[in-house]
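Next come the chains, spelled out residue by residue.
2 protein chains.
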Amino acid sequence: MMTLEPPQRILMGPGPSNVDYRVYRALTTPIVGHMDPEFMKIMDGVEARLRSVFRTANAVTIPVSGTGSAGMEAALVNFLEPGDLALICTGGVFADRMCDIVERAGARLIKVAAEWGRAVDPDEVQAALREAPGAVKLLAVVHGETSTGVLQPLEPLGRLAREAGALFVVDAVATLAGAPLDVDALAIDFCYSGSQKCLSCPPGLAPITLSARANEVVCSRRTKVQSWYLDLSMVEKYWGRERTYHHTAPISMIYAFDEALRLVLEEGLEARWERHARNMAALLAGLEALGLQSLPPASVRMPTLAAVLTPQGVDDAAIRSRLLSRYNIEIAGGLGKFRGKLWRIGLMGNSCTECNVLLVLAALETLLDEQGVIKAEGKGVAAAQRAYAAKPQAGRSAQTP
Amino acid sequence: MMTLEPPQRILMGPGPSNVDYRVYRALTTPIVGHMDPEFMKIMDGVEARLRSVFRTANAVTIPVSGTGSAGMEAALVNFLEPGDLALICTGGVFADRMCDIVERAGARLIKVAAEWGRAVDPDEVQAALREAPGAVKLLAVVHGETSTGVLQPLEPLGRLAREAGALFVVDAVATLAGAPLDVDALAIDFCYSGSQKCLSCPPGLAPITLSARANEVVCSRRTKVQSWYLDLSMVEKYWGRERTYHHTAPISMIYAFDEALRLVLEEGLEARWERHARNMAALLAGLEALGLQSLPPASVRMPTLAAVLTPQGVDDAAIRSRLLSRYNIEIAGGLGKFRGKLWRIGLMGNSCTECNVLLVLAALETLLDEQGVIKAEGKGVAAAQRAYAAKPQAGRSAQTP
Numbered sequence: 001m002m003t004l005e006p007p008q009r010i011l012m013g014p015g016p017s018n019v020d021y022r023v024y025r026a027l028t029t030p031i032v033g034h035m036d037p038e039f040m041k042i043m044d045g046v047e048a049r050l051r052s053v054f055r056t057a058n059a060v061t062i063p064v065s066g067t068g069s070a071g072m073e074a075a076l077v078n079f080l081e082p083g084d085l086a087l088i089c090t091g092g093v094f095a096d097r098m099c100d101i102v103e104r105a106g107a108r109l110i111k112v113a114a115e116w117g118r119a120v121d122p123d124e125v126q127a128a129l130r131e132a133p134g135a136v137k138l139l140a141v142v143h144g145e146t147s148t149g150v151l152q153p154l155e156p157l158g159r160l161a162r163e164a165g166a167l168f169v170v171d172a173v174a175t176l177a178g179a180p181l182d183v184d185a186l187a188i189d190f191c192y193s194g195s196q197k198c199l200s201c202p203p204g205l206a207p208i209t210l211s212a213r214a215n216e217v218v219c220s221r222r223t224k225v226q227s228w229y230l231d232l233s234m235v236e237k238y239w240g241r242e243r244t245y246h247h248t249a250p251i252s253m254i255y256a257f258d259e260a261l262r263l264v265l266e267e268g269l270e271a272r273w274e275r276h277a278r279n280m281a282a283l284l285a286g287l288e289a290l291g292l293q294s295l296p297p298a299s300v301r302m303p304t305l306a307a308v309l310t311p312q313g314v315d316d317a318a319i320r321s322r323l324l325s326r327y328n329i330e331i332a333g334g335l336g337k338f339r340g341k342l343w344r345i346g347l348m349g350n351s352c353t354e355c356n357v358l359l360v361l362a363a364l365e366t367l368l369d370e371q372g373v374i375k376a377e378g379k380g381v382a383a384a385q386r387a388y389a390a391k392p393q394a395g396r397s398a399q400t401p
Numbered sequence: 001m002m003t004l005e006p007p008q009r010i011l012m013g014p015g016p017s018n019v020d021y022r023v024y025r026a027l028t029t030p031i032v033g034h035m036d037p038e039f040m041k042i043m044d045g046v047e048a049r050l051r052s053v054f055r056t057a058n059a060v061t062i063p064v065s066g067t068g069s070a071g072m073e074a075a076l077v078n079f080l081e082p083g084d085l086a087l088i089c090t091g092g093v094f095a096d097r098m099c100d101i102v103e104r105a106g107a108r109l110i111k112v113a114a115e116w117g118r119a120v121d122p123d124e125v126q127a128a129l130r131e132a133p134g135a136v137k138l139l140a141v142v143h144g145e146t147s148t149g150v151l152q153p154l155e156p157l158g159r160l161a162r163e164a165g166a167l168f169v170v171d172a173v174a175t176l177a178g179a180p181l182d183v184d185a186l187a188i189d190f191c192y193s194g195s196q197k198c199l200s201c202p203p204g205l206a207p208i209t210l211s212a213r214a215n216e217v218v219c220s221r222r223t224k225v226q227s228w229y230l231d232l233s234m235v236e237k238y239w240g241r242e243r244t245y246h247h248t249a250p251i252s253m254i255y256a257f258d259e260a261l262r263l264v265l266e267e268g269l270e271a272r273w274e275r276h277a278r279n280m281a282a283l284l285a286g287l288e289a290l291g292l293q294s295l296p297p298a299s300v301r302m303p304t305l306a307a308v309l310t311p312q313g314v315d316d317a318a319i320r321s322r323l324l325s326r327y328n329i330e331i332a333g334g335l336g337k338f339r340g341k342l343w344r345i346g347l348m349g350n351s352c353t354e355c356n357v358l359l360v361l362a363a364l365e366t367l368l369d370e371q372g373v374i375k376a377e378g379k380g381v382a383a384a385q386r387a388y389a390a391k392p393q394a395g396r397s398a399q400t401p
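If you read the protein sequences in the order shown, they are chains A and B.
Position 373 of the first sequence, counted from 1, bears residue number 373 in my numbering, the numbering being contiguous throughout.
Position 228 of the second sequence, counted from 1, bears residue number 228 in my numbering, the numbering being contiguous throughout.
Since the hints were made in silico from the structure, they are not lab data.
Among these hints, one or two may not hold up.
Heads up, the list lumps identical chains together, so a pair's fine if it works in one copy or across two of them.
Claimed, not checked - Each computed EDC-like pair below joins lysine to aspartate or glutamate, with the alpha-carbon atoms no more than 20 Å apart: (1) Lys237 x Asp96; (2) Lys111 x Glu216; (3) Lys41 x Asp182; (4) Lys224 x Asp315; (5) Lys237 x Glu155; (6) Lys224 x Glu103; (7) Lys224 x Glu81; (8) Lys224 x Asp84; (9) Lys137 x Glu81.
Assemble the whole structure, with the sequences as input and the hints as a guide.
Below you can see the structure in the form of structure tokens.
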């Protein structure tokens, strides 16, 4: 019987990211029952910390018992009833997933599509809203689209949603605690994320937050939510004041999540955003020096994931496989129409360090040299070093995973 | 900021049960990516071990990324399309939950109800099937109904399902690896469980297994499954041969689950069933000696959970609260119509030990004495001791949580 001894990876894909030893330690805390009064206190703490991370005062701010995609499904199926109209801003795999869920909910769909690698144009959203005045119940957008590396500016879309009387739903799976995001300032009605990206907890939880207005919509539905498991009117009764049993909470994961949130708040949200911005700037400078072209233009690049086109003639899978076997570094390839054509290099949470930036640039250059594409002479690393030197040094993290 | 230091509980409710140190240790294994080739090998091992525990050769035998209720929802929404007819055997909270999900799926429902605390009568099921010949798509039943302590005999119901051409769906949340269950011998089409009961893994995963026939039904649907997250035609592509990305697997929980399955198989399924039967017999003897009356009759009692009526005049909540604060023992109260009227004492997985049986009987007697109901004189413990003495000693576990 093979023992459970996986290699120690440096996780630089689109999540999961590397996990702090304190979070692993929290996982070994002996479990208590999900209705134990001592667990209720832990839940209170998780909710309070999660509000700080989302920058919200929303009462309903909780981790849903599933991965980020469960958060997406919760976002859509709790608001949409058959025949309702949803406007989805698309331009990548995860926005397409939203469209799929909208259709499964029996709702009608307006798609406002950007070319993959570009942000959605608010003018097009506005035009679409004008064609269905007052009819759009929900406007949803992916903040950081990991399939393309695009960071969608949220403010103009939030304004349009408010003007149209639509709920504003934001997928922050790959950005929460890595890119500036203020749920209350942006008047987001429903925001969801995943535990395993910039929060650096293992995968398995989907933190969500729900505005009072959104909560009213859920509680005044004509029909039941199609998912019993994700029905927030019931989930909320467990996490809220009533503490009524719904389903058994994933205790150990909640322990880990609590510790991960503590780590985020100890660093400070702004410091964490700044760390991601600084390291990503250095990574992008290095990748450019290696001749790799970023898919999204400079104005809309995620600070948590770089998406660069695989050079012509390079064997995508071979390079990624060598990165993994020789350096234990995981990066990701392209999804959907970019399969085989894109490298996606994540700098999320604990994985977002200067060490990892320098290392992945050196390793990539070595392997591209072996494929005869460029000559290994430290160009990527040098460019990153210049980028770091050009920035204020305070707070730079030397942490390695 | 309160630190994460919950008390160490002896978990004798209806789950979660106490977790072995090896499982906690597995949780601290550094995570790899969900598409890492090394993780794929771990998935292979989990699937193989889970097949042994379910006693099945079913290809699709996997842990769903959610708690047991997600397994229930997966069972129903993958098979049922709007207008389909489902027959649910009811008699407790969890069967009622099934009915709720059937209705959310837009399916039609036939309920065959037993009085709470009694098993469903196969003759009534047969009569109901005859009223809708050939029309019932799915017949579902809870094997161990933790809200009442009833163990439903499966064989007659499985035969009726087969004769009617209906899929046979079994909720084994509270019985898998604790009570005899052989998925293939019973020709169960879909069986689901929870990680945190007799498998003694933390909560967060719902192991499921799906017959080839059931898989065909899922793959030949006219409409999409209403849940994207639980759509088994897609989840299966990740766990099956294709290994196509669907959602990020909860890596750490899968590690823990793998170790929990190893522990089950090291003990051996039959030995584990026998341990549960032996300890439950002793617990029931002890409870009876304390004057506590079992809700279900002797013929249909679960070997993993005892359900006894709270004595007249006893303050249910006070006793359970004292058990927790003085002895760190968690047992559960009644649900639904038995709120305040029932004690539910679980002996599941690692929590199912002779030590725990003796301890809970002694503690309960002490507290009932303090409430003036009985005199503390070791009667419960004595009855349990006699029960143990009357049984073969081999394999008795002295393990404490």
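In rising order, the numbers of the hints this structure does not comply with: 2, 3, 4 and 5
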